[in-house]
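Given chain A's structure and the hints, the job is docking chain B onto it.
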Amino acid sequence: MEIEIQLVHEPIPERISPVVVARASRPPGKDQNLTGETPVPLLTGAWLEFRGIVRGEENGQTISALEYEAYPEMAEREIRRILESLRTKHPCQAVKVIHRIGIIPVGETAIYVGVASAHRGEGIALLAEFMDRLKQDVPIWKRRGIPFKIVEDDVRSLSPSVRKSEPPQVGSYKSLDEALAELRSRCQPLPAVRAPLDDAVGHVLREMVSAPSDLPDCDRSTRDGYAILLNDNSEIFQVVDTLHAADWKPRELKTGQAVRIATGAPLPCGNARVVMQENVERTGDRIKILKRESALNIRQRSEDVRAGQPLVQAGARLDAGKLALLATAGCAQPLVSPRLRVVHFTTGDEIIPPDQAPKPGQVRDSNSILIRGLLQNFPCALVHAHLPEDFEKAKRVVSALNPQLLATPKHGEGGSTFDLLLVSGGASVGEKDFTHPLLEWLGFEIVFSQVNVRPGRPLIFGTNGKSVAFGLPGNPLSHFVCFQLFVATAVARLVDREAPAFERGQLAAKLDDEANPRETLWPARWDATGLHPLKWSSSGDITCLAEANALVRVPANRGSIEAGAEVDFLPTTDMMGGD
Amino acid sequence: MRILFFAQLKDATGCDSVEIAPASPLNAEQLWAELLKQFPKLGAHRSSVRMAKNCEYAVADAIFAADDEVALIPPVSGG
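Chains as they are written, first to last, in the numbering used here: chain A, 1 to 579; chain B, 580 to 658.
Hint data in this document are derived by calculation from the structure and do not stem from the laboratory. All C-beta atoms, glycine included, are put in the ideal place defined by N, C-alpha and C. It is possible that part of the hints are untrue.
Incomplete in silico selection of chain A near chain B, CB under 10 Å [unchecked claim]:
| no. | residue |
| --- | --- |
| 1 | Leu48 |
| 2 | Gly52 |
| 3 | Tyr68 |
| 4 | Glu69 |
| 5 | Tyr71 |
| 6 | Glu73 |
| 7 | Glu76 |
| 8 | Arg77 |
| 9 | Glu78 |
| 10 | Arg81 |
| 11 | Ala110 |
| 12 | Ile111 |
| 13 | Asp137 |
| 14 | Pro139 |
| 15 | Ala357 |
Some chain A residues near chain B, calculated using beta-carbon distances under 10 Å [as the list claims (entries may be wrong)]:
| no. | residue |
| --- | --- |
| 16 | Met74 |
| 17 | His99 |
| 18 | Lys135 |
| 19 | Val138 |
| 20 | Lys142 |
| 21 | Arg143 |
Okay, chain A solo, but in the shape it has when bound (with noise of 0.2 Å):
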């Protein structure tokens, strides 16, 4: 009996080709060809096939999926020696077993086995008593089920093999496009202050800045060496001065003269040139010009910038250079967007620490980190706080945390301790969901709470005056997209910046997917080579956050798209982007 074992971490095939034993084996014998193998005809008349599908129930809880875990090498071999222990029993001719292990989606296959057999009765029950048998014995367990609530807004879309046609609802959704637009028109820019070079590191200028005058301010030497007038043919130079970079002795210079000048130093006259030290012999305080080359060596007055010439645009992030070139200008406190106030809270009693192991339904926090780590680069202070699920409890976490930081007043009299809210997790509809009436109990008037896009849904937006909320959803993917594509484009309309735009690209490689009723934000990498769209069958999927710096916009029902297709997308930056 052939056997075949396979303990895999990807999806079983649809289709798997049955094994067809078209030999038997038998010594050799009369019927012999001249190499020595005697063909026989097709011995298979029966071949089984059995899938064990993850069921959306385990345990009387609503799930999504199922983790199994698995011990290997002692896996396969009880497989085998189960299998061997019954071919006495049931003789058949093949059978090929394939367990699939990892977190197996609901409607997914978990177990295949495929049985060849001369009839369909011994197939059958060696089938059968396997399956009782690996039960019993078999080292493989389902480990935990994920339950239903992790994966909030996407469940629809968790796997193509389980996706069901969605209700249309199109009119309760905004769409990408009108979500975007009202950002920008609610968002309005914070007061620009003034701030010293040392604290204006990374924010966004709000003024343009000219040169204060020509910038050299006058001639200055190149070499050290010697200034001596620009046509001055004599061969013997009498030297009058000595010029440092710090001095400032202008004088006539008569033919036959030289003045001493180091790298930097103003020259002291007009109509002059320079000569390298290493073309001239010097004795005393004579010179002999060894050779002359056309070369100036001469930095002319405002031949880098003129007075009043723009040097730094209005809307520019202030980086190294650009914060040197306003000190070479003097302008030493420049008009900047301030830094932002951010608060951050996550929710959800499922999310424990990343230091913890999970118990049954628990996955650890990433939500956290993620915005820490996007807004790293980016002139914030950040609070972050974790809130109960019991909207009780949480409204008094909210009260002890700082009474300043929740001093916001209802709909915009006054001033905000805060400029932008993020919640975590909580968007949904179901009965534990309370960010709505969170960022109400704030002072939030919520403009939409769905955008119809994919991932992305739901999404709270609201505003408070001149502070902003978002509701994100819980899940690390969606969450990554809605904040490059929502918060990005709010942060970016407070500090009075530019916000992310799409773009125009290539697909390196064909975007595989199944036309959605919604548009689609594909999460891809790109490079020099074009756009590789990742592998991603769910919103919970967050392998590719490693690897996502774009997202590719995909129309509504569109479905696939081929490689070398011009497409839109959003580079997805962690704020650092340049101009």
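The following block gives chain B in isolation, referenced to the frame of chain A:
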């Protein structure tokens, strides 16, 4: 001797494996005693756990030597 923990035993011990170095080979009783010292929470699972030695279920009077790979197998649920 490497001892592997699976499924709920990982929660009970807080790890997926441990190395022990007994002075001489152990029988099952002695091995359990050794493990319970380090991981008292294993006690609750003892009656439902089967031991495996080098990828095979161990017989009742099995002896575990220093170079064996031992696995604690709680009730399985494959398929």
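Can the hint on Asp137(A) be confirmed by a CB-to-CB distance to chain B that is less than 10 Å? Result: holds, 7 Å to nearest chain B Cβ.
Task: Evaluation of the interface hint that places Pro139(A) against chain B, nearest CB under 10 Å - done: holds (5 Å)
Would the hint on Lys135(A) stand, with a C-beta cut-off of 10 Å toward chain B? holds (5 Å)
Notebook entry, point to check: Quick one, is the Arg81(A) hint okay against chain B at 10 Å, beta carbons?
Noted result: Since chain B brings a Cβ to about 8 Å from Arg81(A), closer than 10 Å, the hint holds.
Supplied contact hint for Ala357(A), tested at 10 Å Cβ to chain B:
holds (7 Å)
- Task: Answer holds if the nearest beta-carbon of chain B is closer than 10 Å to that of Gly52(A); otherwise answer violated.
- Result: This hint holds: Gly52(A) lies near chain B, its Cβ roughly 5 Å from the closest one there, short of 10 Å.
Interface hint compliance - His99(A) to chain B, C-beta minimum distance less than 10 Å: Constraint on His99(A) satisfied, holds at 7 Å.
Against chain B, with CB atoms and a cut of 10 Å, does the hint on Glu69(A) hold up? holds (6 Å)
- Message: Does the closest beta carbon of chain B sit nearer than 10 Å to the beta carbon of Glu78(A)?
- Response: It holds, given that the least Cβ distance between Glu78(A) and chain B is near 8 Å, below 10 Å.
*asked:* Quick check on the hint: Lys142(A) CB to chain B CB, less than 10 Å?
replied: Since chain B brings a Cβ to about 4 Å from Lys142(A), closer than 10 Å, the hint holds.
Does the interface hint hold: is Ala110(A) within less than 10 Å of chain B, judged Cβ to Cβ? Since the shortest Cβ distance to chain B is 7 Å, the answer is holds.
Practice problem: Under 10 Å, Cβ to Cβ, is where Leu48(A) needs to be relative to chain B, so tell me if that hint holds or is violated. | Solution: violated (16 Å)
Consistency with the previously given hints fails for number 1 only.
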